[in-house]
Amino acid sequence: MLVLGVESSAHTFGVGVVDRGKVLANEKSMYGISTTGMVPRNVAQHHIQSANAVVSAALGKAGIDIRDVEGVGYTKGPGIGTCLQVGQIVAKTIASKLHVPIAPVNHAIGHIEIARSMSGLRDPLVLYVSGGNSQILKVLDHTNADRLHYSVLGETFDIGVGNMFDSFARHLGLDPAWGSSVEKVAANGRYIQMPYTVKGMDFSFTGLLTHSIKAIGSHPREDVCFSIRETAFSMLCEATERAMLMTSSKELCVCGGVAQSARLRWMLQSVASEHGARFGYAANEFNADNGAMIAFVAERMLNAAVRTALKDCTIEQRYRAERAEVFQ
Amino acid sequence: MSAKEIARGAEAIVYETRIAGIKVILKLRNPKAYRVAELDMQLRSSRTKKEAKIMSRALAHGIRAPMLVGVGRASICMEKVDGKLMKDVRISARTAASAGALLGALHNAGISHGDFTPANIIIEGSGRLCIIDFGLSEITSGPEEKALDILLMKRQLAKRLYGGFTRAYARTASGSAETLRRLEGIEERGRYQSRALE
Ligand SMILES: Nc1ncnc2c1ncn2[C@@H]1O[C@H](COP(=O)(O)OP(=O)(O)O)[C@@H](O)[C@H]1O
Ligand SMILES: [Mg+2]
Chain A
1 MLVLGVESSA HTFGVGVVDR GKVLANEKSM YGISTTGMVP RNVAQHHIQS
51 ANAVVSAALG KAGIDIRDVE GVGYTKGPGI GTCLQVGQIV AKTIASKLHV
101 PIAPVNHAIG HIEIARSMSG LRDPLVLYVS GGNSQILKVL DHTNADRLHY
151 SVLGETFDIG VGNMFDSFAR HLGLDPAWGS SVEKVAANGR YIQMPYTVKG
201 MDFSFTGLLT HSIKAIGSHP REDVCFSIRE TAFSMLCEAT ERAMLMTSSK
251 ELCVCGGVAQ SARLRWMLQS VASEHGARFG YAANEFNADN GAMIAFVAER
301 MLNAAVRTAL KDCTIEQRYR AERAEVFQ
Chain B
1 MSAKEIARGA EAIVYETRIA GIKVILKLRN PKAYRVAELD MQLRSSRTKK
51 EAKIMSRALA HGIRAPMLVG VGRASICMEK VDGKLMKDVR ISARTAASAG
101 ALLGALHNAG ISHGDFTPAN IIIEGSGRLC IIDFGLSEIT SGPEEKALDI
151 LLMKRQLAKR LYGGFTRAYA RTASGSAETL RRLEGIEERG RYQSRALE
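As they're listed, the protein sequences go chains A and B.
First residue of the first sequence? That's 1 in the numbering used here, and the numbers climb one at a time after it.
First residue of the second sequence? That's 1 in the numbering used here, and the numbers climb one at a time after it.
Note that these hints are calculated values from the structure, not bench results.
Treat the hints with care, since some could be wrong.
Listed below are the simulated BS3-like cross-link pairs for lysine-lysine, each with C-alpha atoms no more than 27 Å apart in a straight line [claimed, not checked]:
1) A:Lys250 - B:Lys4
2) A:Lys22 - B:Lys159
3) A:Lys184 - B:Lys49
4) B:Lys50 - A:Lys199
5) B:Lys87 - A:Lys199
6) B:Lys53 - A:Lys61
7) B:Lys23 - B:Lys49
8) B:Lys23 - A:Lys199
9) B:Lys159 - A:Lys138
Example chain B residues on the side facing chain A (calculated, C-beta under 7 Å, incomplete) [claimed, not checked]:
10) Lys4
11) Ala7
12) Ile13
13) Tyr15
14) Pro31
15) Glu38
16) Val81
Ideal Cβ placement from N, Cα and C applies to all residues, glycine included.
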């Protein structure tokens, strides 16, 4: 089924085209994060202005006409309300114009399922790390195979690890203000002691953030950047390792924006090897927010005959991953 | 001296061995290859120190826990407690109630255990319970940590046992009313409910 997916939950407006699980196009336009952070209204405006061009670019890339589209998907949530609305409206417009079915997709499930598919893992423990989210998930109950869903085994008590890096980068005046900039500065850093908070399979990042911001004045920048990264990633690895043991997982998958970090992937590979587990992840374009993952999940939903009336195509800012049904 | 590995957790490897003919448990926090060396050593030694400190505190309050034999930089040596892990037996009403009283005593001693599950309780021959694994424990009097201890055990107990467990806890722990109210609050938040493993 030729499905077009629209993603707009945060700073990226993305459109992807998928056919039988194969990605034919994955185009996007990103609202540039500056040192001032993100004003939702401005981001939504960016999305409105880019929508038409990004849809056209995706169709062009896939080599199809809009009339070839057989189904549409969009991000229902979680995300920023005004931003989600733009994708919702674009998708509903296309679906009603073409008289094709439409599927509301959970953003986290988009990241997870496309990473799972691309890494060739069957039943992995998943570490999902993005701006607003940091969670450890697994499908626990396979007995009821016609209603699969992920369970959250552990998660952040406060902010997502991505937002922690973004906000730290803003305080350092880095441009662009996000994690990869922090990692560049971290290159030659040395470790200084930082607050480390893991409780079982849960973790917290605000203490680390506050301490790191305070440390900027009194320590070399590269040392603070190095230490905030090493501490945050070590926390994630420890909680993940505990979850792996508890669920006896032999597969580990990382996804979401922060999964683009080579350092985090190296650390998780080490955790997996320690327990004889396979480790996998998707290419960076699918870890950053993108439309292809939404099209990917939407196609599976539509193939499973999930039908949602246009009037029920809502958005939900706090749409949690465990509430979304998963289709193979 | 031959040491037999009996458990491998996320943090530590546990061996059973003999020192001067006495059976002991040796718990080693091994280095993690993924962490930078400074952080790795800092975590392993501070947690070992804390585990020993809180275990001693429990013992000093008359709570049945393994006797401490010795503490190294990232290793702890303790009495080997004979018996069966609570997770490996069919739990009786009496055991569930004893577990409630045990948790109450820990909280009265200002200790939140952090991993209060049937995997960390040994039932000795006499039926007495011994609490082990203070690796995630904290010295605290906060209702949140205490409520989380109860919740962790609740998730693992059959429904018919939970009432007896809680009643024994409430009889033993001072300030239990506030803790149980907090527990209700946590469960209403939903977050933990949706994550339950059943
Ligand atoms: N003092 C002890 N006496 C007898 N068995 C013990 C003792 N300490 C630990 N064990 C055994 O080792 C296992 C793991 O030890 P524990 O301290 O719970 O470490 P962790 O759960 O962090 O790996 C326990 O489940 C128990 O079977
Ligand atoms: Mg244990």
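Going through the earlier hints one by one, which of them does the structure break, listed in rising order? Hint check: 2, 3, 6, 8, 10, 11, 12, 13, 14 and 16 fail, others pass.
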